[in-house]
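S.K.: Listed below are the residues making up each chain.
2 protein chains.
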Amino acid sequence: MMRTRPLKVALLGCGVVGSEVARIMTTHADDLTARIGAPVELAGVAVRRPDRVREGIDPALVTTDATALVKRGDIDVVVEVIGGIEPARTLITTAFEHGASVVSANKALLAQDGAALHAAAQEHDKDLYYEAAVAGAIPLIRPLRESLAGDKINRVMGIVNGTTNFILDKMDSTGAGYQEALDEATALGYAEADPTADVEGFDAAAKAAILAGIAFHTRVRLDDVYREGMTEVTAADFASAKEMGCTIKLLAICERAEDGGSVTARVHPAMIPLSHPLASVRGAYNAVFVESDAAGQLMFYGPGAGGSPTASAVLGDLVAVCRNRIGGATGPGESAYAALPVSPMGDVVTRYHISLDVADKPGVLAQVATVFAEHGVSIDTVRQQGKDGEASLVVVTHRASDAALSGTVEALRKLDTVRGVASIMRVEGE
Amino acid sequence: MMRTRPLKVALLGCGVVGSEVARIMTTHADDLTARIGAPVELAGVAVRRPDRVREGIDPALVTTDATALVKRGDIDVVVEVIGGIEPARTLITTAFEHGASVVSANKALLAQDGAALHAAAQEHDKDLYYEAAVAGAIPLIRPLRESLAGDKINRVMGIVNGTTNFILDKMDSTGAGYQEALDEATALGYAEADPTADVEGFDAAAKAAILAGIAFHTRVRLDDVYREGMTEVTAADFASAKEMGCTIKLLAICERAEDGGSVTARVHPAMIPLSHPLASVRGAYNAVFVESDAAGQLMFYGPGAGGSPTASAVLGDLVAVCRNRIGGATGPGESAYAALPVSPMGDVVTRYHISLDVADKPGVLAQVATVFAEHGVSIDTVRQQGKDGEASLVVVTHRASDAALSGTVEALRKLDTVRGVASIMRVEGE
Numbered sequence: 001m002m003r004t005r006p007l008k009v010a011l012l013g014c015g016v017v018g019s020e021v022a023r024i025m026t027t028h029a030d031d032l033t034a035r036i037g038a039p040v041e042l043a044g045v046a047v048r049r050p051d052r053v054r055e056g057i058d059p060a061l062v063t064t065d066a067t068a069l070v071k072r073g074d075i076d077v078v079v080e081v082i083g084g085i086e087p088a089r090t091l092i093t094t095a096f097e098h099g100a101s102v103v104s105a106n107k108a109l110l111a112q113d114g115a116a117l118h119a120a121a122q123e124h125d126k127d128l129y130y131e132a133a134v135a136g137a138i139p140l141i142r143p144l145r146e147s148l149a150g151d152k153i154n155r156v157m158g159i160v161n162g163t164t165n166f167i168l169d170k171m172d173s174t175g176a177g178y179q180e181a182l183d184e185a186t187a188l189g190y191a192e193a194d195p196t197a198d199v200e201g202f203d204a205a206a207k208a209a210i211l212a213g214i215a216f217h218t219r220v221r222l223d224d225v226y227r228e229g230m231t232e233v234t235a236a237d238f239a240s241a242k243e244m245g246c247t248i249k250l251l252a253i254c255e256r257a258e259d260g261g262s263v264t265a266r267v268h269p270a271m272i273p274l275s276h277p278l279a280s281v282r283g284a285y286n287a288v289f290v291e292s293d294a295a296g297q298l299m300f301y302g303p304g305a306g307g308s309p310t311a312s313a314v315l316g317d318l319v320a321v322c323r324n325r326i327g328g329a330t331g332p333g334e335s336a337y338a339a340l341p342v343s344p345m346g347d348v349v350t351r352y353h354i355s356l357d358v359a360d361k362p363g364v365l366a367q368v369a370t371v372f373a374e375h376g377v378s379i380d381t382v383r384q385q386g387k388d389g390e391a392s393l394v395v396v397t398h399r400a401s402d403a404a405l406s407g408t409v410e411a412l413r414k415l416d417t418v419r420g421v422a423s424i425m426r427v428e429g430e
Numbered sequence: 001m002m003r004t005r006p007l008k009v010a011l012l013g014c015g016v017v018g019s020e021v022a023r024i025m026t027t028h029a030d031d032l033t034a035r036i037g038a039p040v041e042l043a044g045v046a047v048r049r050p051d052r053v054r055e056g057i058d059p060a061l062v063t064t065d066a067t068a069l070v071k072r073g074d075i076d077v078v079v080e081v082i083g084g085i086e087p088a089r090t091l092i093t094t095a096f097e098h099g100a101s102v103v104s105a106n107k108a109l110l111a112q113d114g115a116a117l118h119a120a121a122q123e124h125d126k127d128l129y130y131e132a133a134v135a136g137a138i139p140l141i142r143p144l145r146e147s148l149a150g151d152k153i154n155r156v157m158g159i160v161n162g163t164t165n166f167i168l169d170k171m172d173s174t175g176a177g178y179q180e181a182l183d184e185a186t187a188l189g190y191a192e193a194d195p196t197a198d199v200e201g202f203d204a205a206a207k208a209a210i211l212a213g214i215a216f217h218t219r220v221r222l223d224d225v226y227r228e229g230m231t232e233v234t235a236a237d238f239a240s241a242k243e244m245g246c247t248i249k250l251l252a253i254c255e256r257a258e259d260g261g262s263v264t265a266r267v268h269p270a271m272i273p274l275s276h277p278l279a280s281v282r283g284a285y286n287a288v289f290v291e292s293d294a295a296g297q298l299m300f301y302g303p304g305a306g307g308s309p310t311a312s313a314v315l316g317d318l319v320a321v322c323r324n325r326i327g328g329a330t331g332p333g334e335s336a337y338a339a340l341p342v343s344p345m346g347d348v349v350t351r352y353h354i355s356l357d358v359a360d361k362p363g364v365l366a367q368v369a370t371v372f373a374e375h376g377v378s379i380d381t382v383r384q385q386g387k388d389g390e391a392s393l394v395v396v397t398h399r400a401s402d403a404a405l406s407g408t409v410e411a412l413r414k415l416d417t418v419r420g421v422a423s424i425m426r427v428e429g430e
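In the order they appear, the protein sequences are chains A and B. Quick note on numbering: the first sequence equals residues 1 to 430 in full-length UniProt numbering. Quick note on numbering: the second sequence equals residues 1 to 430 in full-length UniProt numbering.
One chain only, chain A, in its complex shape (with noise of 0.2 angstroms):
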């Protein structure tokens, strides 16, 4: 039986995004419809430049008063694509206070505010969707928190910023440096003008927060996450990557303590097997790779930002919102039960490439190896290369904790015949 009277849905925000959700609500209204269980319009869009010609949006539909529109009372879902955390924050609270749901694609407001927003949700019965908010199109918040929701999530670790892994994967094709494959990347417009949220790791790590809490049934602040970008990793990295049959990847990874009482989450550049699976994630392309007592190892794939992409993830979020206001009900709000401590990144446990440039003469090895030992950080491989009094040597480690390796660093620093580090990466994944 199809219900009669139409969904009424919010449009906050018109840009690359919100005018994409705009034009796919009408171009493919009856599959909607039919989907949904009732017709969904389009009740009114919010935007900052009124005068601009938004091809197919009824400009009788266009405010700039967002405030008015989610107060509106006969608002069933608001779409959040503004992004930031002011106004999106607040026009979402008052939207739940004025009866609607909200399928957001902010992942800033979510890292930073998802507990207070959640609990805003549950006070007004309604639901927060926000699959738009990590990895764009990649069905990834949906499979962690319902298909896996009978399993015990340990890693999640991925490739979630598509510019970062533009830039890493022109330097590992073409042997670029650093600042010649941001250029590229600048010009064929995967960076913005200002690129450091994307190459400082910051919309890494809230995505990184906002998975973790998912995965782990545990509330993940922002500030609860390690980040180091990635704007140091040089030519030299990738050619001793090579050499180790491993590629760079910037990478978000939350895992579970071994223990299993505690949780990290961390955004860095490491070093991966060619072998593994997030090896071959080319281009702008994001993949999350998850690991499982039961399911085992699944990996997801696809674009990871895009207007289209982002569109899809925001229409999905829309449909399954819309169907629970008809039946009535709402799906899984925040689960954060575990409520598991997260540490900080000292006790982090893996493995690291170390290069040092070093004296070329007798007995720095045994000095080098003394400092490891001394600090409980085992060896793995050790190379030495030299010539005319100059050397290097390259360490790679067993699992050690971060804090241990840390100290060790701190101590080579320290020897004289160490005359500088040259690179410190971590290497995942095996």
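Everything labelled a hint here was simulated from the structure, so no lab data went into it. Do not rely on the hints blindly, as some may be mistaken.
[Claimed, not checked] Pairs of lysine to aspartate or glutamate residues, derived as EDC-like cross-links and limited to a Cα-Cα distance of at most 16 angstroms, are as follows:
| no. | chain 1 | residue 1 | chain 2 | residue 2 |
| --- | --- | --- | --- | --- |
| 1 | B | Lys152 | B | Asp259 |
| 2 | B | Lys152 | B | Glu291 |
| 3 | B | Lys152 | A | Asp30 |
| 4 | B | Lys8 | B | Glu86 |
| 5 | A | Lys361 | A | Asp388 |
| 6 | A | Lys152 | B | Asp259 |
| 7 | A | Lys361 | A | Asp416 |
| 8 | A | Lys71 | A | Glu97 |
| 9 | B | Lys414 | B | Glu374 |
| 10 | B | Lys152 | A | Asp31 |
| 11 | A | Lys152 | B | Asp31 |
[Claimed, not checked] Pairwise CB distance ranges, derived in the manner of DEER restraints:
| no. | chain 1 | residue 1 | chain 2 | residue 2 | range |
| --- | --- | --- | --- | --- | --- |
| 12 | A | Val382 | B | Lys242 | 53 to 63 angstroms |
| 13 | A | Gly261 | B | Ile326 | 21 to 31 angstroms |
| 14 | A | His398 | B | Val53 | 33 to 43 angstroms |
| 15 | A | Thr26 | B | Ala257 | 17 to 27 angstroms |
| 16 | A | Val16 | B | Arg282 | 36 to 46 angstroms |
| 17 | A | Ala369 | B | Leu188 | 22 to 32 angstroms |
| 18 | A | Ala68 | B | Gly346 | 53 to 63 angstroms |
| 19 | B | Thr90 | A | Ile85 | 51 to 61 angstroms |
| 20 | B | Gln297 | A | Gly189 | 12 to 22 angstroms |
| 21 | A | Gly245 | B | Ala257 | 50 to 60 angstroms |
| 22 | A | Val382 | B | Ile379 | 50 to 60 angstroms |
| 23 | B | Glu192 | A | Glu55 | 53 to 63 angstroms |
For every residue, glycine included, the Cβ atom is placed at its ideal position computed from N, Cα and C.
Starting from the known structure of chain A, fit chain B onto it as the hints suggest.
M.R.: Showing chain B alone in chain A's frame:
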């Protein structure tokens, strides 16, 4: 607020999957309770051999009378992991009639009778979930049905049978023939004593029917799926594939016709370029590549079978169905509103790699090329190899209908100069 009455689960079947479901329900009871909002209790386990010792399962719960168990009236969810058509089908419909929702891992049954089972579920306002029926632990049905509910899916192409992927991967990496690779798969437990369902593509065809139905909102019956096994793939085919920069995979392909007016579903071995994400799916892993209008290209990867992975999918569904039950709602049911016609194999348009044994004399290529032209099949490349009066011609075509290609091959066989058609392989994923 935690509801106190536990939800009662009846488990039908306690083999590799069922025992793992029971184990996880016990070991992860607290997590399941927190995620569902109420405890779940194993209320009965129907088995064929009641005297077998089942670790961790209270013998008092074990019964051979599955019918009585699903008729009890106090069961909230029936988990069916028996497999096969009967008695599973009758037990599931009986469960709906007696007030239970159903989680099933039964691909054969869903492919054959999905429409009737969905209708029974809907009649009694109950859920029918079956994520585990396709590609084991890989979240696929939920992403297709929910995450992409606002998008238009155009193609689903996947490796959905682990046994055959293990065999083909082995042939590819070692140069082994089919029988040798099958023997190894059997010895390692990847292939059953009677491997027919896997190697002849029956298993993959059932999954293709289910996936096509969901992707295209159209009923696709098992009989609608064209099916060709992989028992005739040879080491020579792999050598030919390598020359083209390809490998060979057994693919399930569900496609919307370019004009959007019909769909096709098929299972057959095919060459795919090594650069395609599906080409690097190794061993018994599964992966499904999805192409949609807005999201673009997505891939889902993971273990396609095995007790634990399948149990993970079953338990994810169990959590969802229990949540729905507590919320007084049901999840999305069958969506077949599009009701697109399913076209026969002859209408499928793809590329072909054909190896011919021909007489080594002038004019053969001209004769062969004429036959292709007469059937409207355009040739992309031809390679001739010959010595001592024997020669081979390898033809790769542009896109053409399967009917046109069949007509071409039939006519080629009638040429005096064509001694035999050594192999015909479709080329996908370009």
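S.K.: For which of the previously enumerated hints does the structure constitute a violation, in increasing order of number?
M.R.: Hints 4, 6, 12, 17, 21 contradicted; others consistent.
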